[in-house]
Each structure stands twice: as structure tokens, then as C-alpha cells.
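Enquirer: Listed below are the residues making up each chain.
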Amino acid sequence: MFNFGQLRSRNCSASSLSRRALLQAGSLGAVGLTLGDLLRLEASGAEGSPPAKSVILLWLWGGPSHLETFDLKPEAPVEYRGPYRPIPTNVPGIDICELLPRLARQADRYTILRSLHCETNDHGMAGTIGLTGSISGAISLGGQTQPGRIQPTHGSIVSRLLPTGLDLPDFMTVGGRLHQGKRGIAGEGASILGASHEPFRLDYLPGEGLRFPGLELNDGLTPSGLDARRTLLTRLDEVALQIDRSAETTQLDEYYQKAFSLLTSQSSKEVFDLDREPEQIRQRYGKFRFGQCCLLARRLIETGVRFVQVNWSSHVEPIEDTGDGGWDMHDRNFQQFQDRHSWMLDQAVSALFDDLADRGLLSETVVVAIGEFGRTPKINGKAGRDHWHHCYSGLVAGGGLRVGQVIGSSDRHAEHPILRPVTPADLFATVFRQLGIGTPELTDIDLLPAGEVIEELT
Amino acid sequence: MNRLLWAVWMGYVSLIVLPVADADESKSVQRLTHDGHFKQRPAWSPDGNRVLFARHEGSTIFLWQLDLTTGEESRLTERTDPEYDAVFSPSGEDVLLAVDKASPNQGDIDIHVIHLADGNAQPVAVTEGKLSHEEWPSWSPDGKRFTFTSTRHDNQEVYTADRDGQNVERLTGDPATDMHPDWSPNGRTIAFATNRWGDLEIALYDLATHDLRQFTDSPGFDDYPTFSPDGHHIAFTTNRQGHFDIAIANVATGRIILQTDDDSIENFPSWTPDGRVSYISNRDGGFDLYVHDVLTLP
Chain D
1 MFNFGQLRSR
11 NCSASSLSRR
21 ALLQAGSLGA
31 VGLTLGDLLR
41 LEASGAEGSP
51 PAKSVILLWL
61 WGGPSHLETF
71 DLKPEAPVEY
81 RGPYRPIPTN
91 VPGIDICELL
101 PRLARQADRY
111 TILRSLHCET
121 NDHGMAGTIG
131 LTGSISGAIS
141 LGGQTQPGRI
151 QPTHGSIVSR
161 LLPTGLDLPD
171 FMTVGGRLHQ
181 GKRGIAGEGA
191 SILGASHEPF
201 RLDYLPGEGL
211 RFPGLELNDG
221 LTPSGLDARR
231 TLLTRLDEVA
241 LQIDRSAETT
251 QLDEYYQKAF
261 SLLTSQSSKE
271 VFDLDREPEQ
281 IRQRYGKFRF
291 GQCCLLARRL
301 IETGVRFVQV
311 NWSSHVEPIE
321 DTGDGGWDMH
331 DRNFQQFQDR
341 HSWMLDQAVS
351 ALFDDLADRG
361 LLSETVVVAI
371 GEFGRTPKIN
381 GKAGRDHWHH
391 CYSGLVAGGG
401 LRVGQVIGSS
411 DRHAEHPILR
421 PVTPADLFAT
431 VFRQLGIGTP
441 ELTDIDLLPA
451 GEVIEELT
Chain V
1 MNRLLWAVWM
11 GYVSLIVLPV
21 ADADESKSVQ
31 RLTHDGHFKQ
41 RPAWSPDGNR
51 VLFARHEGST
61 IFLWQLDLTT
71 GEESRLTERT
81 DPEYDAVFSP
91 SGEDVLLAVD
101 KASPNQGDID
111 IHVIHLADGN
121 AQPVAVTEGK
131 LSHEEWPSWS
141 PDGKRFTFTS
151 TRHDNQEVYT
161 ADRDGQNVER
171 LTGDPATDMH
181 PDWSPNGRTI
191 AFATNRWGDL
201 EIALYDLATH
211 DLRQFTDSPG
221 FDDYPTFSPD
231 GHHIAFTTNR
241 QGHFDIAIAN
251 VATGRIILQT
261 DDDSIENFPS
271 WTPDGRVSYI
281 SNRDGGFDLY
291 VHDVLTLP
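Top to bottom, those sequences are chains D and V.
Mind the numbering: the first sequence is residues 1 to 458 in the numbering used here, read in order.
Mind the numbering: the second sequence is residues 1 to 298 in the numbering used here, read in order.
Here chain D stands alone, though its shape is the one from the complex:
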């Protein structure tokens, strides 16, 4: 299968197309290229190079309220609008919440999507959609599984198609496995792409430091505890790897090898060591988990990791509801937002934008900040907002994308998109294009695009 429309819309950036795909389709002539042209483009990597090299996905698990962040409705009745006012940003005509002042000063660095929507208001299933672009194989809170095969998550696809050859994994997740209640969700991993493209997990907890949640040891595992190789080998025997059980032994071996090399290599330890950052930088991100995890993401991207996913939390639930601080604010939505989530999001994401820009990395790194859905526009009886998948907002920046704009709009209560509805799959089709991944590359690995490129972003 070959998508000529996709090729045209990529401005013939042939370097992003696999040679195999072109040859298989016998299409070089059809697009006016010779094999020599293709090889030269591949070698030079110049004019046709994809604009983005890497991705940071900030996964705001639990579903942030769009009415308290990027799509305020101050003219709506008090039962809808919430207690915060919109403030102008540094882009005329774009307003966001008053509790996001730092992000308001950087609106020229991102695009707000105000018309995202998906098929379900179940965390697990919407999470699968957000992370894979498809509801296929998703598992609901009640345990019902959607028909079809679980698709690989975005990071696994990038890992498979854009290997860097670094010692570090190409796809790393900062945070533990995602849950709603006690049920883990589907779609965080590599699926058919195999264990070697599973995310390598690490985490940073204030007061504890670096953790490796995917490697469960009886007494924990930290880089500082792994100086003795013999000890490591003994301990790795105890490791329970939480990866696809159907993975082949060779893939498991590869994963072991990567984990081993990662945990014993001096250069890896240095990448993970946030103490090597100046105190001023650490403070700029905020000395709370999400802030420091964003800083860790920047360090990984700077080292060459292709795709870093930072999970805001592992559970959708807030701490007050036996979770670990997620965005699922069915009650006390405003209390939690103003006390913690608003400034955490504002400080960490604005610092990440600043830091990436200062280092010349923002132009080649796509940053996406989304949750699995939004919150009910009508405030419920517990000063909270419930799940709402019909319309929600997201933020996307960097990687050569067009920024300083709003795409889509919602109706007067932010209940439904009224202009340019887009899906998570559309968003990641766009991200993939920025990385040079199109239909041919996906078909090469037995996948198809789940969404359509949002042209206004490119």
C-alpha cells in the first residue's frame, strides 16, 4: 500500500520515506526521483530532512479540565464557567487560565488544540486511544476488552522506525504503569513491534531520587546501589520484567542487555543524575515530581533519546482518592487545581519550553501535553467535574510545528467542538509526519495511520 497523497503533502521529503517502500511500490519514477536522488537525499539529510528529531509526550493522566486550562468560558453561567478568569497571553487574541501565568507568557511557542475529542469517557479506553490512536484492544474499567489487536504506542513506533543506535533505549517513559483504579490500561507498550520497543521505565521521586519502576526488586533498585557488577548480576536474576509476556526470548535478552548496559554504564548514570544540573535549573522546573521528571526528559532528549513520555501520575485518582495525584477531579476540582495542579503544570511545562529553546532543542523536539479527555462543562454537585470526551484541549509545541495559534474551537459551554474537530490520532499523525514517518513507513511495519495530519500545524 502506498499513499501518494501523503507523499505530496510531505513536499517530497524523500529522505523520510524508506527506500524499501519506494522500491516495493515501484514508484520512484512516479514521484520524479531516481534511486540516485534518493540515496543523495538520504546521505545529505539536508533539505528534505524531517523537521523534528524527537518527541516529549507529557501525559496528563486523569483528564485535565479544559475549562480550567486552555478553553475558559467566562461568559457561561456560573454552573459551567468555574471560578477563574482568562488572562491574555503574549499572542494577541489567545487567552488561557489566570493560574497559568508562565505559560501565558509563552503562547508564541505552542499551539492550543481546543477541539480534541475521542470515542469514550472511560479512562482506560480513552487512555488507549490517546497513546495508540486507536480504541482497538482497549480495556474498560469494568474489564471489557474492545475487539481488535492493541496497537503499539506512539513511542514504540518511533523506536521501531527511527532507531538511533545509542546505548540508551529509543523510547523511555518517566513514570510507572498507568492505572485506573487497580486496573492497568492497555496500549502503553510495543504490542506487535516486540519487547525491544517497549518503553524503558524510570522515575524520579523527590526525597528518594531515581527509580526504575519496570524492574521490581525486593529492596528497590537505584544506580548508586549497582556499582558492584556481581551484585547486579545476582539482582537481575530477581528482576520481574513487566513486558509483553508473548515476547520472544531474544527480545527479552535484548531488553535485559539494554537494561544491564543502562544501569551499569557511567554515561547513562550521568544522564540520569539530576544533581549534575545547576540548582537554578532544577528550581526553574520546580522541585516536585512532575517538574523534575520534565527536566529528566530534557536530559534524555539532549542525549539523543527519540521519544520520552512523562506520566503526570500513574493513577488517574488524586492523592485524596487513593491515587498519586492524577487529574481525575470528580470532587474538589478547583481546590486541587489551584492548590497544586495549576502551578505544577505551569512551572514545569514553561520551564521545559524555556530550557529546550535555550539549548536549541525546541525546534527539533515536538512537545505534546494532553490527557485522555476533558471534564464535564457543567460543574457537578461536589465542586468537581466528571469525565468528558466530546471536547477537550491539548498543547503542542516545537519540532517545526506552526505555533502561536489556536486550532479548533468549542461551543459556548465547551461541550462540543464547533470548528475543526481533531482526534488524538490526528495529532500523532501530525507528530509522526514531523519526524518523517508517513504511511509508507507505517505499512512497512504492518501498521496504518490511525489519523489524518492536521495541516494547520505543519
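Honestly, the hints are just simulated from the structure, not real lab data.
Among the hints, erroneous ones may be present.
Here are the simulated DSSO-like pairs of lysine-lysine, each with C-alpha atoms no more than 27 Å apart in a straight line [stated by the list, open to error]:
(1) D:Lys378 / V:Lys130
(2) V:Lys130 / V:Lys101
(3) D:Lys73 / D:Lys378
(4) V:Lys144 / D:Lys182
(5) V:Lys144 / D:Lys378
(6) V:Lys101 / D:Lys182
We have chain D; now place chain V onto it with these hints.
Expert: Below, chain V alone, put in the same frame as chain D:
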């Protein structure tokens, strides 16, 4: 030495220069904790020797008591579920606090009272038969009643009750969200935050007449009002400068002076018995408890 301060009258803002008598900034602000974990709502004992606050650490929120005579911290309870919003009674013998439940329940929070001498705890604001959160208690000056917020009537409203939870009275009934009530030292007024006039403003509720008056009117967030020990002033959090700061308002005139004005977050103001203002701030990176001399009152 002169110091620039923003003076704000109801709806009018002007920049004035106020003399500050050789104020040494390092002496006027005292940092009481150093762990950097997020904290909320410091509350002082009547003798000023102890301060309670909630500390977030990992996935826990527990109440801690700092003894300023020894510098030692200790947990207020041995609970394993989240707890917060603790306040000493006027006698210092009891503490009201908000307690959460262990199971995933999407909002079932009650208010209990703990008698500090024996640790005996009793629920005093509980809604049976439905999910409701009762929180942010504040004692009346005689210690016989307390005010709090609850969602028991399907919207967050302000209530009062006897110290044993009897004789509940609902003070507000508006589709807006009412938050963070504080009982005045003269017993006549309850201040709280509400968005009934647009964004969050401070309101004053007269307990005798039931009149409700809008006290602040700023473009943006005004919240967490707390009366000074003499009742003449209200400290509150505002973002009228674009970030969370602590302001003090004169109750009689409405005149307001900002106590902090920098890019860090200052929140959860409370008064010490001797008239200083304490709050949680991330001015040094993490979130810690600070006490601030009030250099100039409005």
C-alpha cells in the same frame, strides 16, 4: 530605606513609596521548615508555640505539628489516609481537621475533632448516605461552634455547627462555589471566597443580619481569607500581580497592601498570635513554611 509597595483600594490601584525603617529582609522573614515538600494551611496554637500544617510526601497527605520551643516535628495522628485542614481551638486543647477515606470514593471527606490531651477523636461534620466533602473548618472565637464548607446539598456552600456537630446552619445557597470560610475574632462575621461575582473574590457574611458583602474586587484570584488576631485586618492570597502573593486588607476601609510580590508562589496565609503572617512559599525552591513580620498595615 524606602520600599515600593502597591496600595490597592477597592478597584483602584496606585504605586506608593512607604518608608521601611531599616528593615532587614533576612530578619523580617523566617523559614520554619526545610524539607521542601508541598505543604498547606499552617495554623497556629493560641500560645504561638506550635504550628500545624499538612505535608504532601509521595502519595500521602498527613498533618504535622511543629513545636517551636524544641524545633521538633511530629505527626498529629497515626492515620494512614489523607488528612488536612487542621486548626487549633481557641483554648488550644482541641483540633478540628478534615479526614479522608481509604477507598476510592470520589469525595467523602469528614471533619473530626481531636482532644489533644487524650487523643480522643469524634466526627463532627459527616454526611451520611451520599458522597460529600466537609472541609476547611474554622472555630468561632468562643470555641463553641465552627464554620466549614460542605457539598451535602449538591453545591459547595458555607455552614456553621456546634462543636459537637449539632445545630448545623447553612449560610449560603448560590450556584457559585464558596470556599475557605474564616470566623472573625469578634464572632460577628465570616469571610470566605466565592466566584458568584465572576472570578474569586473575598466576601463577608454578617451572622446577625445575614447580609453578604463583596469585600474585594480585583481582576483575578482572591482566596484563603484569614482574620488578624485583633480582627481589624484580613490576610489573603491574591494573584493580582500575576502570581500568588499574600496581601493584607483593612476590614474597615478595604485598603490593601501586598506583603509579598515576586515570581514565587506564596499561599495559605495565617496569622501568628502576635500578629505576624505565616504562609507556604516556594521562594527557596521547595515549598516551606515561612513567618513574615508585617512591616506596614493598611
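Enquirer: All hints, please: hold or fail.
Expert: Evaluated hints:
no.	hint	verdict
1	D:Lys378 / V:Lys130	holds (20 Å)
2	V:Lys130 / V:Lys101	holds (13 Å)
3	D:Lys73 / D:Lys378	holds (11 Å)
4	V:Lys144 / D:Lys182	violated (43 Å)
5	V:Lys144 / D:Lys378	violated (37 Å)
6	V:Lys101 / D:Lys182	holds (17 Å)
The structure shown violates the earlier hints numbered 4 and 5.
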